[in-house]
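Novice: Listed below are the residues making up each chain.
2 protein chains.
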Amino acid sequence: MAPYAPVTPEILTQLEAIAPGRVTAGEEVNPDYGRDEMPIYGIHLPEAAVEVLSTEEIAAVVKLCYEHNIPVTTRGAGTGLVGGCVPAYGGVLLVTTRMNRILSYDLENFTVTVQPGVLLQQLAEDALSHGCLYPPDPGEKLATLGGNVSTNASGMRGVKYGATRDYVRAMTVVLPTGEVTTFGSAVSKTSSGYNLLQLLIGSEGTLGVITELTLKLLPAPAAVVSLVVPFGDLAACISTVPKLRQSGLNPQAIEFFEKEILRTSEAYLEKQVFPREIAGEEVGAYLLITFDGESEDALEPVLEKAADLLLDQGALDVLVADTPAKLKEAWAARSSFLEGIEEQTKLLDECDVVVPVTRIPEYVLFAHQLAGQYDFRLQYFGHAGDGNLHIYTCSNDMDREEFLRQVDAFMTQLYAKTMALGGQISGEHGIGRGKVKYLAQAVGETNLALMRGIKQVFDPKGILNPGKVFSAE
Amino acid sequence: MAPYAPVTPEILTQLEAIAPGRVTAGEEVNPDYGRDEMPIYGIHLPEAAVEVLSTEEIAAVVKLCYEHNIPVTTRGAGTGLVGGCVPAYGGVLLVTTRMNRILSYDLENFTVTVQPGVLLQQLAEDALSHGCLYPPDPGEKLATLGGNVSTNASGMRGVKYGATRDYVRAMTVVLPTGEVTTFGSAVSKTSSGYNLLQLLIGSEGTLGVITELTLKLLPAPAAVVSLVVPFGDLAACISTVPKLRQSGLNPQAIEFFEKEILRTSEAYLEKQVFPREIAGEEVGAYLLITFDGESEDALEPVLEKAADLLLDQGALDVLVADTPAKLKEAWAARSSFLEGIEEQTKLLDECDVVVPVTRIPEYVLFAHQLAGQYDFRLQYFGHAGDGNLHIYTCSNDMDREEFLRQVDAFMTQLYAKTMALGGQISGEHGIGRGKVKYLAQAVGETNLALMRGIKQVFDPKGILNPGKVFSAE
Chain E
0 MAPYAPVTPE
10 ILTQLEAIAP
20 GRVTAGEEVN
30 PDYGRDEMPI
40 YGIHLPEAAV
50 EVLSTEEIAA
60 VVKLCYEHNI
70 PVTTRGAGTG
80 LVGGCVPAYG
90 GVLLVTTRMN
100 RILSYDLENF
110 TVTVQPGVLL
120 QQLAEDALSH
130 GCLYPPDPGE
140 KLATLGGNVS
150 TNASGMRGVK
160 YGATRDYVRA
170 MTVVLPTGEV
180 TTFGSAVSKT
190 SSGYNLLQLL
200 IGSEGTLGVI
210 TELTLKLLPA
220 PAAVVSLVVP
230 FGDLAACIST
240 VPKLRQSGLN
250 PQAIEFFEKE
260 ILRTSEAYLE
270 KQVFPREIAG
280 EEVGAYLLIT
290 FDGESEDALE
300 PVLEKAADLL
310 LDQGALDVLV
320 ADTPAKLKEA
330 WAARSSFLEG
340 IEEQTKLLDE
350 CDVVVPVTRI
360 PEYVLFAHQL
370 AGQYDFRLQY
380 FGHAGDGNLH
390 IYTCSNDMDR
400 EEFLRQVDAF
410 MTQLYAKTMA
420 LGGQISGEHG
430 IGRGKVKYLA
440 QAVGETNLAL
450 MRGIKQVFDP
460 KGILNPGKVF
470 SAE
Chain Y
0 MAPYAPVTPE
10 ILTQLEAIAP
20 GRVTAGEEVN
30 PDYGRDEMPI
40 YGIHLPEAAV
50 EVLSTEEIAA
60 VVKLCYEHNI
70 PVTTRGAGTG
80 LVGGCVPAYG
90 GVLLVTTRMN
100 RILSYDLENF
110 TVTVQPGVLL
120 QQLAEDALSH
130 GCLYPPDPGE
140 KLATLGGNVS
150 TNASGMRGVK
160 YGATRDYVRA
170 MTVVLPTGEV
180 TTFGSAVSKT
190 SSGYNLLQLL
200 IGSEGTLGVI
210 TELTLKLLPA
220 PAAVVSLVVP
230 FGDLAACIST
240 VPKLRQSGLN
250 PQAIEFFEKE
260 ILRTSEAYLE
270 KQVFPREIAG
280 EEVGAYLLIT
290 FDGESEDALE
300 PVLEKAADLL
310 LDQGALDVLV
320 ADTPAKLKEA
330 WAARSSFLEG
340 IEEQTKLLDE
350 CDVVVPVTRI
360 PEYVLFAHQL
370 AGQYDFRLQY
380 FGHAGDGNLH
390 IYTCSNDMDR
400 EEFLRQVDAF
410 MTQLYAKTMA
420 LGGQISGEHG
430 IGRGKVKYLA
440 QAVGETNLAL
450 MRGIKQVFDP
460 KGILNPGKVF
470 SAE
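Note that the protein sequences, when read in sequence, are chains E and Y.
Numbering that gives the first Met the number 0 numbers the first residue of the first sequence as 0 and each following residue consecutively.
Numbering that gives the first Met the number 0 numbers the first residue of the second sequence as 0 and each following residue consecutively.
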């Protein structure tokens, strides 16, 4: 790879001609543009930032950078957790947040076409007002859809509805040369050559810049009910999950958390939401389960059967949240886990592993015992139905260098255990900058060489989001 | 690309050492190994065929061929419709049909691990006996799972359950160098680098040889009911489909067919299955719809609502198939469409296009009018819920060269219309050898260059299934 060229005054003039009034450089650049939600992986400002408005503008900026060998990184809302949108090698940052229009619905064919800067929350609400569900439901509702697609985000409803990958029908992409192309089409099936659409999903902005998306929708379920289910301890809680899935009751979401993280979240919200004790027995862990259905009547027998099953499996109680207010309250506690953790600690790192559902207790126990050898504090919660765990290491007052050293040693061991259990090192956050080293260890040389080969095919000069997914040498 | 080397007596000796007693060459080779179900795309026998039994044997054969620059093509049951498993450049044929063991179930995590030569029907039945559903349901039940994954087959139940792509968790792959690697893992979510697993699915044996598969299962629905729904004509029939999908009733399958192909199929079966006239009105087209649910009671209101909707939309009647015998009979007619067509014609070609569901009537009318300019006869049917149409051109007594010429002219125009409607040239059959020219036209130079680049990364010598998906120059 040739060394990158700087963004010169001449380049700035050309950027300004492409996007008049929407280019910032040097000191003017918004300081947020140097980081995402996990600054531990390094803060790097771009030399210039361009608030783009269209595919044509993006193509023009990328072409200019390609010709001059300048790195280009794409940023949506900056809500990522692995440093994926941080311009590690400087260069130009494409900011897509103003490309936030929902362009059109095709309600007969159940698709919607959007710009990449539309927020998840914005689409979810708008789709509902059209009688449709956009199923992917990551905890972070203020992420852009472009970001969601780039990381293959999934979230709570993955159990029933899958990940973002399953809802992308087509995309317009600017390739690193500045060429514009489309992958996929609005239809639901294809077996027409290598699936470039699927390859771009989860590629974290390293193969192309997504400038438009056609997404699949579903008819919105008429009834949604959540169950809050306290258990005495984690093992009883988790061993219930495979039983639930085998029951054929088909829940939309199955989340688990232990009492510690709930307390953290409730302290942040300044409100106690879930019971801490049932009939004198202390609650150790909770499931938060959501069912949806065609009508409240149709859900009734499902909820009854679920309650029987849960109590049979040792649940201390089954609390029903069946009104919008109750649903909101139950999920607010779950949604504030990260904010609660952030408030309590100076430095934070995390991992986003996936293990087979039945191995969660063993894995959590392993993580606990391993963390006992270090000085940081562990907090975690997860998508129990998918085996996807979010494990946070909280520095408390530890020194930064020491924290980084300890976390690296811990994560290396934790990822080795993940792979030994047949897991994956990231379920939905991606590799970004923070997990590059661990991906290389996890997938091995052969697969990494294939990934690097693919990168080379799309981006022979290595200008697009360098240093992400794998190192940029 | 270097010219390929022949399979010499020395190579045969080495193949025999790898797979003793399971190598055939020259005249001994099973003549079926030169073709699939669509011989119109050319019959080519391999120089040698090896009935492989394990990943290790496959790796050894591929390594040998890589070193000597000999083409390698993988064949399952040979039920493809685009010449995908035909060894167009001779060389060695890997036959996987004896790798037909279901290796293990993980019923708590809902996965099954199989060898690639397991037949779809074999897994479907075995999974049911374990209380599980393997959702992909192509018409051809005697295809191997390796073949299904290589073409991303989908079939009837795609409306509710998606394609094979959605049910592959992990695979063991022999790369063209003979290296063995794995893509994916048994867990349900990942965002861990480029998704090589998804890239292999639908790549038609051109990037690697699949030697083991871990597949996702679902709890088997307790109740399955089909509705046979006659309409006066195709337009009324098809316009009902988006309404059905918007209703939230979530059918498993929505098939459509017109009276002509039903007559063909019934003639083949020597049995009349569906009514030809309802209360004096001739039936022009049919929907065959399947619903599944957790119990017969739970399905009852769904079926009632569906029947009301169908009659509102102009259905002449709604016939219920709710016993195993009735279900089998209704679907037998549907399943015999291809056999019925094959029996009636000397030469056959087909396409497997996908268009938005709402455009089916317009598209079928276009195909009809276009076919009027040619001497062949058109037969078609389709997965209405997905917009996936199977259109057959039947030569009757036409001369082969003339038939090929006319079909090429027809298909070129038909595919252009497909792309103009935002469709795809293949929904589930793949590109193979038969559709190479049309794929290049459909996806354009930029995307084709990316696909060729990816092929080069995996297979720099171009030994794996050459001449498929794109031309081998």
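Quick caveat, the hints were computed from the structure, so don't treat them as lab data.
These numbers were taken from a predicted model, which means no experiment stands behind them.
Wrong hints could be hidden among the right ones.
One copy or two, it doesn't matter: identical chains are merged, so the pair holds either way.
[As the list claims (entries may be wrong)] Pairs of lysine-lysine, DSS-like flavour, derived with a Cα cap of 27 Å:
#, residue 1, residue 2
1, Lys-215, Lys-242
2, Lys-436, Lys-62
3, Lys-159, Lys-215
4, Lys-270, Lys-416
5, Lys-242, Lys-159
Novice: Of the numbered hints stated earlier in the document, which are not met by this structure?
Specialist: 2 and 4
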